[in-house]
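Engineer: So the chains spell out like this:
There are 2 protein chains.
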Amino acid sequence: MEYPLEIFKALSEETRFRIIFILRNAKDELCECDIADILDVPQYNISKHLNILDSAGMIKKRKEGRWIFLSLSDSLDKFKSSVINSLGHLNSELINEDLTKMKQFLISTSGNRCS
Amino acid sequence: MEYPLEIFKALSEETRFRIIFILRNAKDELCECDIADILDVPQYNISKHLNILDSAGMIKKRKEGRWIFLSLSDSLDKFKSSVINSLGHLNSELINEDLTKMKQFLISTSGNRCS
DNA sequence: TGTATAGTTGCGCATATATGCAACTATAAT
DNA sequence: ATTATAGTTGCATATATGCGCAACTATACA
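Line order of the protein sequences matches chains A and B. Sequential numbering from 319 applies to the first sequence in our numbering. Sequential numbering from 319 applies to the second sequence in our numbering.
Among the hints, erroneous ones may be present.
Pairs count within a copy or across copies, as identical chains cannot be separated in the list.
[Stated by the list, open to error] Computed list of lysine-lysine pairs in DSS-like fashion (alpha-carbon distance at most 25 Å, straight line):
(1) Lys421 / Lys327
(2) Lys419 / Lys378
(3) Lys327 / Lys396
(4) Lys378 / Lys327
(5) Lys421 / Lys381
(6) Lys379 / Lys345
(7) Lys366 / Lys327
(8) Lys381 / Lys419
Worth flagging that the hints you see were computed from the coordinates, not collected in a lab.
Produce the entire structure from the sequences given, and follow the hints as far as they go.
Structural biologist: Right under this line is the structure:
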């Protein structure tokens, strides 16, 4: 029973929800420090939340030098991808602020801020 | 921001998840005492969890005599109905046990156990 | 009127979980 | 070697949350 609950627990916390939301909308990978800047949350908290999202099988981590690059997992099962795709129906002001900030990061660094 | 998180918080607790799961698969309404029997959870806990699911706008309550009949809300927005429909991709053993038990309740009472 | 059943609610307790801080590792640059 | 940046982790604390119990309301029925 734990298994199907894991993704809901993961998404029921605001910071983790915002991480998944911007990862779903990002066209490139984001590095951990960028996520911390975009969401204005201390990096040590981002690190902990990413561990939880990773345990739930929702994200992919790629290490390159000092950086860890994040993206949505590319092997989501039907259930998980369906839940995550549901986020496409949302248009809350607050998460759109995150998206705007995320896109500015991508633009301002031409996608290679951390490389 | 609270709004989109509410449904994930609601579904991140096992009893509430199981309630939504059987309501989604029930063809008839279920009364609260039946839900308590099916899930083998004290009714006072079911009552509390139903309040949370109700606050999240996920269920419909209909009072008739001593009984409260439950069903999924018939006015779910796109986001919520998409999340709930994701449950259709699951086939966990444990929740199937709940379904079997739920169907036995419907059969054994010809849908009018509580009326 | 008295009793039984369905459901609610407040309280105290135990557990789970998120946070901040500080110390730590790892990689890169000078 | 030294310094700076990215990231991790353990600990203490605060808060959130679910539970059991007991007392309560509400409806039906004899």
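Engineer: Please go over all the hints and tell whether each is borne out by the structure.
Structural biologist: Verification of the hints:
In this assembly of identical chains, the alpha carbons of lysine 421 and lysine 327 never lie at most 25 Å apart, being 27 Å within a copy and 28 Å across copies at closest. Within a single copy, lysine 419 and lysine 378 get their C-alpha atoms as close as 22 Å, which meets the 25 Å cut-off; across copies the closest is 38 Å, which misses it. For the identical chains of this complex, lysine 327 and lysine 396 are neighbours both inside a copy (18 Å) and across copies (21 Å), given an alpha-carbon limit of 25 Å. Within a single copy, lysine 378 and lysine 327 get their C-alpha atoms as close as 18 Å, and across copies as close as 24 Å, so both meet the 25 Å cut-off.
In this assembly of identical chains, lysine 421 and lysine 381 lie within 25 Å of each other by CA distance solely inside one copy; the values are 22 Å within and 49 Å between copies. Proximity of lysine 379 and lysine 345 under a CA criterion of 25 Å is satisfied intra-copy only: 15 Å inside one chain copy versus 43 Å between copies. Taking identical chains as interchangeable, the C-alpha atoms of lysine 366 and lysine 327 lie at most 25 Å apart whether they share a chain (14 Å) or sit on different chains (19 Å). With identical chains, the CA atoms of lysine 381 and lysine 419 are at most 25 Å apart within one copy only, with a shortest distance of 24 Å there and 47 Å across copies.
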